[in-house]
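Trainee: The chain contents come next:
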Amino acid sequence: MMLNLTRFWNRFGKLLVFTLCLLPFVILVVQLLTNALGANPIEAFTRANGEWGLRFLLMTLAMTPLRLIIRRSWPLRFRRMLGLFTFFYVCLHLSSYIVLDQFFDWTEIWADILKRPFITIGMTAFVLLIPLAVTSNKVMMRRLGRNWQRLHRLVYVIAICAVLHFFLLVKADLYQPIVYAVILILLLVYRLLRLCTSQYRP
Amino acid sequence: MLIKNSSDIKSSDITDESVYLRRREFMQTTAGIALLPFVKMVAAKTEETLPYIKNAGLSSKEKLTDYSAITTYNNFYEFGTDKESPAKYAGRLTTSPWSIVIDGEVNKPGRYQLEDILNPHTLEERIYRLRCVERWSMVVPWIGFSLADLIKRFEPTSRAKYVQFTTLHRPAEMIGQQRGVLQWPYVEGLRIDEAMNPLTMLAVGLYGKVMPNQNGAPIRLVVPWKYGFKSIKSIVRISFIEKEPPTSWNLSAPSEYGFYSNVNPDVDHPRWSQRKERRIGEFLRRNSLMYNGYEEQVAHLYKGMDLKKYY
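Those protein sequences? They're chains A and B, same order as listed. Counting along the first sequence from 1, when you hit position 149 you're at 149 in my numbering, and nothing is skipped either side. Start counting at 1 in the second sequence, then tack on 1000, and there's your number in my numbering.
Think of the hints as simulated: they come from the structure by calculation, not from any bench. Watch out, some of these pointers could steer you wrong.
Far from chain B, by Cβ distances over 10 Å, these chain A residues were calculated [unchecked claim]:
| id | residue |
| --- | --- |
| 1 | 14 |
| 2 | 42 |
| 3 | 67 |
| 4 | 71 |
| 5 | 77 |
| 6 | 79 |
| 7 | 100 |
| 8 | 123 |
| 9 | 126 |
| 10 | 133 |
| 11 | 168 |
| 12 | 188 |
Residues on chain B that point at chain A, a partial pick, calculated with CB under 8 Å [said to hold, decoys possible]:
| id | residue |
| --- | --- |
| 13 | 1073 |
| 14 | 1081 |
| 15 | 1084 |
| 16 | 1136 |
| 17 | 1178 |
| 18 | 1181 |
| 19 | 1182 |
| 20 | 1271 |
| 21 | 1272 |
| 22 | 1273 |
| 23 | 1284 |
| 24 | 1286 |
| 25 | 1288 |
| 26 | 1290 |
A virtual CB, placed ideally from N, CA and C, is assigned to each residue, including glycine.
Chain A extracted, bound-state conformation:
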């Protein structure tokens, strides 16, 4: 039985996780089409995709600590997929802003990027995500060698930008952005501690 489960996991684990990752998108689209997103569906759709982007980003960042804590290698198998889903939801978030919210009003969008810190920061995070998504495949990994890891350290800058982006757009209730910030801080502190301890190890 145990063996069967392991085999099942090895075989279909990725497919299962992939389906689960896609579920929020499917639900959101169904809600959008059936008018189930409340009185301001555009705002709700944009916001939900942004939040899912942030959640997937934090899940991606949680895979390395998880691997080290449980001493199993399987979390790493999902890191790339989660990272790409981050990019997927962030793309949806951004296109929802450009298409549904602003309806290609480029002057207004450009003014937003230049004048509104939360949009400047959010856009920065998006732009930085692009090279990571592009170089996420095996070919690029091999070609970049050591530089691949250096490049992908950008994810920490992106995560900080993403949380800041959320902080700056909220009106008064900081509860939600604080929750995300705390999770991010824990994930970063874990890495820092490991870095320090491994450096000072004789």
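Dock chain B against the given chain A, drawing on the hints supplied.
Mentor: Frame of chain A, contents of chain B only:
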């Protein structure tokens, strides 16, 4: 595969087309009669209709925002910060008995029962645009009366330069008040000439019905040329004072929300532009209007004022 034979449906089972077409009516009369006492009990408060006359002169002719949108998409932080929270949690608010304290620079201060406050006034329907500082807007058919008519009854003295309003503070029923998102109770204020402007109203209902709790029952302010947060809800105190009163959002973020907070597409919120707005129910954004389109009625109040400074 099972294929159901069409003869499974007896002709007597088929609803007559004329009945089918009138199914809503049928439901309302037949099933409705049986359910009526129950429905009435549950929905007594919000379904209660109000007697009113239409004030066409002060009403917008734009398409009304759906009742369901007006009553499910609310900023009323006393019941939580999500737009859906007020509709979910405001039901537990007791709005009767309700009294309002009138104090400060007036000849007739006191604590008045809501019935006595409302009694002399004829209720009017006024269709106003509502523009939220968050860049969405609605068109709402409010039921109420001019604040000016109420103010005159209590005879403010010449030292009454401002009117301050206070919302109920009752954390047991207003669960949003259990967290310090804003300083409670919520306070708002108007200059006396703003308060006396014929557009400024106290509303006790919308869409011809008693005000739903989530929209500020039992009585709220409506100042259509200002951002929505100026239109304070569930009022328990009206004070006449000499100095400009503190206002909740100004206390929370002074650089973002001023005392005046007039709708002004040319003065940006520090974090977003106010040039456009999304009318709830519409896809494309529309341009926001100076004083929310009430320039003719209110521009004179701010003549010579630097609107960038007094945002």
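Trainee: Would you list, in rising numerical order, the hints stated earlier that this structure does not obey?
Mentor: 2, 7, 11, 17, 24, 25, 26
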